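With chain C held as given, fit chain X onto it using these hints.
Chains as they are written, first to last, in numbering that gives the first Met the number 0: chain C, 0 to 594; chain X, 0 to 594.
In case anyone wonders, no lab produced these hints; they're calculated from the structure. Hints may contain errors.
Copies of the same chain look alike in the list, so a pair counts if it works inside one copy or between any two.
Claimed, not checked - Calculated cross-link-like contacts (lysine to any residue; reagent style SDA-like; alpha-carbon spacing at most 25 Å):
1) K172 <-> N301
2) K414 <-> G62
3) K179 <-> W144
4) K440 <-> G465
5) K172 <-> D81
Owing to the predicted nature of the structure, the values given are computational and were not obtained by experimental measurement.
2 protein chains.
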Amino acid sequence: MTTATRLAALRQLMAERAYDACVIPRADEHLGEYIPRHNERLLWATGFSGSAGMAVVLREGAGIFVDGRYTVQVRQQVSADDFSYHHLIDEPPLQWLRSSLQPGARVAVDPRLHNLQWLRQAADELAAAGMELCTDTDNLVDRSWQDRPVAEIAPALLLDESFTGESSASKRKRIGAAVKALEADAALVFAPDSVSWLLNLRGQDIPCLPVLQSLALLWADGALDLLVEPARMPAGWQQHCGEGVRMHAPDEAEALLGAQAGKRVLADPVTANAWSQLLLEQGGATLVPGTDPVILPKACKNAVEVAGARAAHVRDGAAVVRFLAWLDGEQAAGRLYNEAELADRLLEFRAGGEHFQGPSFETISAAGGNAAMCHYSHRNGTPAALSPDSVYLVDSGGQYSDGTTDITRTVAIGKPGADVRRMFTLVLKGHIALDRARFPKGTTGTHLDVLARQHLWREGHDYDHGTGHGVGAFLSVHEGPQRIAKAWAPVPLQPGMIVSNEPGYYRDGAFGIRCENLVVVTEVPGQLETPMYGFEALTLAPFDRRLLDLALLDAGEVRWLDAYHEQVASTVGPLLSEADRGWLQEACAPLAAGC
Amino acid sequence: MTTATRLAALRQLMAERAYDACVIPRADEHLGEYIPRHNERLLWATGFSGSAGMAVVLREGAGIFVDGRYTVQVRQQVSADDFSYHHLIDEPPLQWLRSSLQPGARVAVDPRLHNLQWLRQAADELAAAGMELCTDTDNLVDRSWQDRPVAEIAPALLLDESFTGESSASKRKRIGAAVKALEADAALVFAPDSVSWLLNLRGQDIPCLPVLQSLALLWADGALDLLVEPARMPAGWQQHCGEGVRMHAPDEAEALLGAQAGKRVLADPVTANAWSQLLLEQGGATLVPGTDPVILPKACKNAVEVAGARAAHVRDGAAVVRFLAWLDGEQAAGRLYNEAELADRLLEFRAGGEHFQGPSFETISAAGGNAAMCHYSHRNGTPAALSPDSVYLVDSGGQYSDGTTDITRTVAIGKPGADVRRMFTLVLKGHIALDRARFPKGTTGTHLDVLARQHLWREGHDYDHGTGHGVGAFLSVHEGPQRIAKAWAPVPLQPGMIVSNEPGYYRDGAFGIRCENLVVVTEVPGQLETPMYGFEALTLAPFDRRLLDLALLDAGEVRWLDAYHEQVASTVGPLLSEADRGWLQEACAPLAAGC
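Looking at chain C on its own, in the form it has when it is part of the complex:
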C-alpha cells in the first residue's frame, strides 16, 4: 500500500464524516515517549519514523511538521508529492491550517492523542478563524489501516515489597491525603509509570519500558479505579495491590470517567490527554488543574529503592567491566568489531545478571565520528567498525527488578590523539565537579548545570544537551521532575532522587565523548547551618585512564577519581573472574602512581 493509497483512504473517510482536515500527531493515548507499533499512526500515514512530528491531511494537499532534528530525515522518508514540509515550531500546524482552509471548515482531532491544553488552544485558534475543531475518537487512521499490527498484551509483574519498600495501600493512602489537601476528591493518575509505581506492578509488553499501560482515578481515601486491559493483570493482583483497587476494562472508560458528577478531580492539563479530562468534565466533574501527585513521591526513592539501585549497579557494573575487559583483549588481538556486534556483546554480558529484565533503552554504540551524533543509532544504516586511534562511545543501561541503570563510557581504541584526550579530560572534570557538588535544600538542577560545563566553557566549548535526567526505580530511564539542564527546572533536588550526570563533547564528523554515571541525592551528615545535599555515585565502572590529560587535573580531581576507582574495584571486583579482576585492578590503579 503506497502513501498515496493510504491518503486516499483517509480522504474517503474525511468526506464521509464531512471533515476538511485531519490532524495526525506522533502520539498514542498514553502521550509517552514510547509508541508501540500498532499505534505508529504518523509513520503509517506518512512514512516518517522520527520521534516527534505531526501531519495534517486536507481534502487536497497535506503537510508534515517536524523540528530541527528531522528536517533532513523527513525529506528522505516522505515524498514532496504527498506532503509539503514545515517546521513544527516556526510554522506550526494550526497556523498552516488557518491559512489553508476557509471559514466554516471542520478539523478532525482525536482527543486521546493530545493534551487538554493543546486541544483547548487549538479549538480557540480555529474558532477565531471561524473554523471548528471536531473531536473524534473513532480514529480515521485506525479505520483506514488495513494491516494494522495487533497490540502486544502481556501480564504485568507483581513487584515485591522487598523491591518497592512500600505497599501499594500505603502509597495510595499518603498520596490520597495529598490529593485531599489540594481540595480535590480524586486525582487522575494518567501516566503509566505513575500507575505502575502506585500499584507496585510492572508491565512486560513494551521493550525497555516496564510500565503497565493503564490510567487510574486515585481517591482521597486511597481507593483507586484502574482502567486497564484485563489480560494485562496477572493472577493474584488483588491481593498484591491490596484493598480498594477496582479494575475496569478500557471500554468502561466513558462509564467510569463520565459518572463523577459533583466531584473535584485533580488533573494535569499538560501531561494528561484531553479525552480523559473532557469525559470527566462532560460527566459533571470539576477539573482541578495541577501536577500528577504521584510524580514527586515516585522520584524520591525510599531506602529500599536506593539500596536496590545500589545492588543493581554492582551487577550492572560487573557486566560493563566484563565488556570493557573483553573489548581491550580483542583490540589487543587486533580484532576491531562493528557497532552492532559490540552492542550485542554488551547485552550478553548484562543478560546473565540476577534480576535482569532487559535493556533500559536502545544502546548507543558509536565508533569514531558517529559518536558526534548524540542520538546515533547503528540500526539506521550499516554499523561502522571501530577504527584505530579513535574513541568508542557506548551509552547503555539495564532494567533490573531492583533498579534501572544508564551508563556511558568513552573508550580508547588504539592511541587517540592529544586533542581527544584534552577534550575527554575537560568533560570528565565537569562530571567530577557536579558529582562533588554540595548544595542547600531548595537547589534545583538548573542551578548546578554550570558545574558540569564550566571547564568546557573556559575553552570555548559546550554540549547541546542536558547534563542529567531523572531515572526511575525499575521504571522509565527518563523520569521527572528532577533534571540538570540549562532550561529552568523549578522542582528542587531532594534526597532519594536519582539523576544522570552526563556531560559530553561532540566534534562533527570526528569524535564524541560522554562521561555518564547515575547518582543519587543524599543528605550531607553533620551539624550544618543549612541542610545540605550532595550526590553519591551509583554507577560502578572505570573511566578510561588512557584518555586522560593528567596535566589538566587538579589534586582534588585526582583524589576523586582514585577514590571512585577504588570503590569500583572493591565492589565490582569480587563478582569477576580472576582475569577480569586483574584487568579491573589495572584500570582502577591510582593516578598518583602515574598513568
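Using the frame of chain C, we list chain X on its own:
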C-alpha cells in the same frame, strides 16, 4: 494627629462615598522602589515605615499586611488597637477582605497605585464573592492628609551625548521600530528610568535616583508624547531631545491616553500601573501586553556608556581607597569611629570627585554584628562604634554623570579571628569564581549563581540574598532584566550589561562579610566554537589582604587577586597623594610575596 484620628478621617470619607473598605498599598503612581515623602500614604495611615506592605481600612477595624522581613517592626510601629497584623503572602489582603465583608460591599482602590494584573485579579476575586472593586483616583488618603508635604520639583539635567553615546532621536527611532515589529502602534513607556534613558535626561529631585518622574507614549516612528510636570523640564530640552517629543502636563493625562481609539499600545501589565492602561483601554485603544521595550536596550550599555562607567569607577575607586587609607591610619592611632561618622567621611571623599552627583543609595555602614543584618541602617538607632578585632562592612556607591557605582568592602579592624578570615576567604573565592566565569551566549544569571556560592556550600553555608543585580548608567543602582540569583532570570546576559558580583556571609549577632564589585559583560575575543562571554571588573579598590586565609586559595585564585590588585594600583594610584599611594601599594602587593 494620632493614627486613630487619621483613620476616623478616612472612614468619614469612606462613608461619604459609600465605600466599605479602602486599600492603601506602599506605592506611588510610578510603582518604583523609591517613594517621596509626600506619597508615603501607608506610613501616614499606619505609622509603618517598611519598604513593602499594604493596609486595608474597613468601616470598623483595619488590617495591615507585611512580609517576613517586617513582622517584628510592624508590631513596634503599629498599634494593635488600630490594626490587626497579617502576613502579606500567607494571608493576603484580598482573602481577608472577602472574609471580613458581606456580598454587596464596595472596595475603594486607587488604580494609579497598583499594576493592571493585580487590579484585574482583585476585581475578579471580589466579584466572585459578590463584592465590587471601585477605582477611585481621588485618593482617600490624600484628601484626609492635612499636613501633607509638598512634592519636590527640580528641573532635570540634560545629559550630553558624550555621556550617553546615542541621541534621543536615535534611541526613539530604533526602539520605535522594535515596537512596530511587535505589531503595535505605540508603547507605554511607564518606568521613569526608561523615559529618562530614552530622552537623555536625568532627574534631580529624588535622592540617589536620578530619574525624571514622568511617563510616555513612544510611537513606532520614534515620536514621543511625554507626560511630565512642566517645571521638571529645563530650558533647551526640546533641542536636546530632538524632534518629535511633545510635552503634556499631568492634568492632560486623561486627554492624551484616552484619545488613542483604534491604536494598539504595547504595555506591561505587571510593571505599569492600572490607571494608565485603563485610560488607554477606555479610550478605545487595544492593549498589547508585553515587556517595556526600553528595558533591554537600556541594560546593554553602548561603548560610550561602558567607557564612562570605567572612568567613573577610577574616580570612585580613588575615593574608596582614600577612605580605606584614612580608616587604617585612624585605627592605627587608636581612633575607632562610629558607623555614621564613617559613612559621612566616605561621602566627603566621594564628593570631591569630578562628575559626582550624589550617593547612589543610602550607605550601609555596619560595625561588628550589625553587618549580619543585610539591610542594616545606622540611621534606625544609635550608630555603633567600631570594635577591636572585628570586621567593618561598608556598602556604598556614587552617582556620576558618566556612571553609577556600587561597592562593598569588608575591612579588618584590629586582628579578626581565624573563623572570620576563613569565611571571608570562602566569600572571596566565590567572588573570584564568578568574575572569572566564561559562558556561552544564552546563559542567564541563574546559571552562574552557583559559582559564587559553591565554596560556602561545600562547608555548609549560604547567604540569603541574590549574588548580583543590574546597574544603570547614571540611573538606578538596581535595574533589570539582568541579575544573578537563584530565582529564574529568563533574559540571557549580554555584552554591555553591568551587574554586581556580591556574595556574602552573615552570622547572626557576630559579623557580616560581603565582597562586591560591579562587572560588565564582554565578549571573549578569538575564534571559538561558540560565542563566549565573560566579565570584566569595573570596581577598583583592594580587597583586605589581612582577612585572607591563604591556605584556602588555589594558585589560580592568587593569580586573579594579584592581577586585580595590580590593576587597582596602576589605575587608581596616579589619582592619589603620595601617602595614600604608599598605602595602596602595600594593600595591593602580590600575595605570592607573602601576606
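How would you label the pair K172, N301 (within, between, both, or neither) given a Cα cut-off of 25 Å? within (16 Å within a copy, 60 Å between copies)
Within, between, both or neither: how does the pair K440, G465 come out at a Cα-Cα threshold of 25 Å? both (22 Å within a copy, 16 Å between copies)
Are the CA atoms of K179 and W144 at most 25 Å apart within a copy, between copies, both, or neither? Answer is neither; intra-copy 44 Å and inter-copy 49 Å both fail.
Regarding K414 and G62, is the shortest C-alpha distance of 25 Å or less found within a copy, between copies, in both, or in neither? neither (49 Å within a copy, 75 Å between copies)
First find the shortest C-alpha distance between K172 and D81 inside one copy, then the shortest across copies, and answer within, between, both or neither for a cut-off of 25 Å. neither (53 Å within a copy, 46 Å between copies)
Violation of the numbered hints given earlier is confined to hints 2, 3, 5; the remaining hints are satisfied by the structure.
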